[in-house]
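Let the sequences and hints guide you as you build the complete structure.
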Amino acid sequence: MKNTNSIGQALPNAFQPNLWGRRFLIVITTLFALTFLVAPLVVVLTRAFEYGWSPFWKAVTEIYTVKALRLTALTTVLAVTCNTLFGLCAAWALTRFQYKGRGFLITLIDLPFAISPIIAGLIFILTYGRLGWLHPYLVDWQLRIVFNVPGVVLATIFVTLPFVAREIVPVLAARGTDEEQAAVLMGAGFFTVFFKVTFPHIRWALVYSLILCAARAMGEFGAVSVVSGHLRGKTNTLPLHIEILYNEHKFSESFAVSTILVATSVIILTARNVIEQLAKKEDESNVFRS
Amino acid sequence: MPKFVFTLFTALTLMLAFSANSLFAVEITNVSYDPTREFYDEYNKAFQKYWQDKKKEEVTIIQSHGGSGKQARAVIEGNEADVVTLALAYDITAIAEAGLIKKDWQEKLPKNSSPYTSTIVFLVRKGNPKNLKDWGDLAKDGVGIITPNPKTSGGARWNYLAAWAWADKEYNHDRTKIIEYITKVFNNVLVLDNGARGSTNTFVQNGQGDVLLAWENEAFLTLKQEGDKYEIVTPPTSILAEPPVTVVDEVVDKRGTREIATEYLTFLYSDEGQRLAGKHFYRPSNPEILKEFGNQFVSTQLITIDNPLFDGWEKAQKEHFTDGAIFDQIYVKK
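Residue numbers (our numbering), protein chains in the order written: chain A, 1 to 290; chain B, 1 to 334.
The calculated lysine-lysine pairs, modelled on PhoX-like cross-linking and capped at a C-alpha distance of 20 angstroms, are:
#1 K250/A with K224/B
#2 K184/B with K140/B
#3 K70/B with K151/B
#4 K315/B with K151/B
#5 K169/B with K184/B
#6 K250/A with K229/B
Here chain B is said to cover these stretches of chain A; the calculated rule only asks that three of the stretch's residues, wherever they fall, bring their Cβ under 8 angstroms from a Cβ of chain B:
#7 123-132
#8 138-147
#9 247-255
Hints are computed from structural coordinates only; laboratory data are not their basis.
Note that CB positions come from ideal geometry on N, CA and C, so glycine has one too.
Structure (structure tokens):
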């Protein structure tokens, strides 16, 4: 069982750079990673623990930090759930039927990737804000969207919208519909087909995309900053709270809170690697079986 | 299995949603400008205690801070503030024009609705290496100035008008010369942040520029934190900055919080509120309390916004800061 495109595999000799060329590339890559990734992270950690463990602990357990953490958790859970449902529907709709406007739909789903988050935020203000065109109806229903928690959640859903659909579409497209057609011919209903035939194939892609989606949702700053109104203890997410602490000259506190986000990123990256490994193993065993 | 996941998810969401807000305390929101963070942090605690003693009722105060113009915009767009405590009257007038506040708001509370005042000073690096003493020095070649953007920040508009007032006197009302001077000053600006706090960070944390045009209170706060590296230069003339406060009628009437919101603002005029303002380097409007702070506030000649030179905020805003007005003309030139 030989993988033809796995990372680190030797290229045919004709394409091998000489020894110095190889060393040069390795050194450049390492230096770049060190200066742009590792050095800033080291700064965050050293400044966070500048005055030792107990001020650090005080900063991360402070009431506004805890509230910001809760809001970030709530936002992330809702955004991930919403985008999972949407992403699965969208992926199905984009790969299993042929219709006019399919290309347009794909472009539409990609829109949040292309659009600047500040525009995303302003769109919500112009739609749901006091001067927005939906505002009169919202007042009737006594709903407040922007400058309130729902606005923060909506903005986060908006910026993370493409993640799930984007990961699953290629997998579904590559699989084709043969197995599903066979299942339907054998009399399976929609849900049986989905859970027994389709889902096992996209399982890993889905988990992988959820992880990316969660990471992005937790870190979102721009769009959320526009719609939140910076109401401390109410609409402040962790990234916004870090900015506030920094602006209040509470530098070590802001770095202490930053470590929460850094830690979650590390956990997320580790989870991603584990999942990649698991998926690869399963793929290989499947190939052996067939 | 899916049932279990669903239950777990619902439980988690409900838990998070309900833990986010306590449902039982009265809650009011104070939308304020940038450098008042530390002051209102302490003032809110004092007010909570006062309200608890008086009404046996718990009150939660939600704070929001940012550039004054930007904050006013957010209130107009629907950020539900029970009270606004902004950097200058024009920003509150803008909210009033949008229909959220009654037009006569400034007469509702004493002293033009400004419980504390401030002025504009220069914060320079220790020893004042560029020897900056007065507004004229800011136009010299090679001076790096840090100020926020007058379009978004209230403090920045006070900075600009203070410089204008100096030039008006210096050049004997010669408009061409005044504009020439202001243009030179803004050519020397290195970084134009959105709000006063952003500018302070640019000057202090990032080490940019030779002089920060700052609120007096913001300059004092920096000295308190890093006193050995900076000093304050109080120019012989400056402007009397009156940051006003008011209740947002549309919001308090809808939420039924008029009484507590009004009380929250009048408490600013109490001896306790005035002392806290002084402690955080705002000039108390009560002359008795101001005296308690002795020599902390250097008395210089302070021009008010109602001086015939500016004739109130509405006119000053139109003449200097709206789109296409003087500030746009001189800053585009760069």
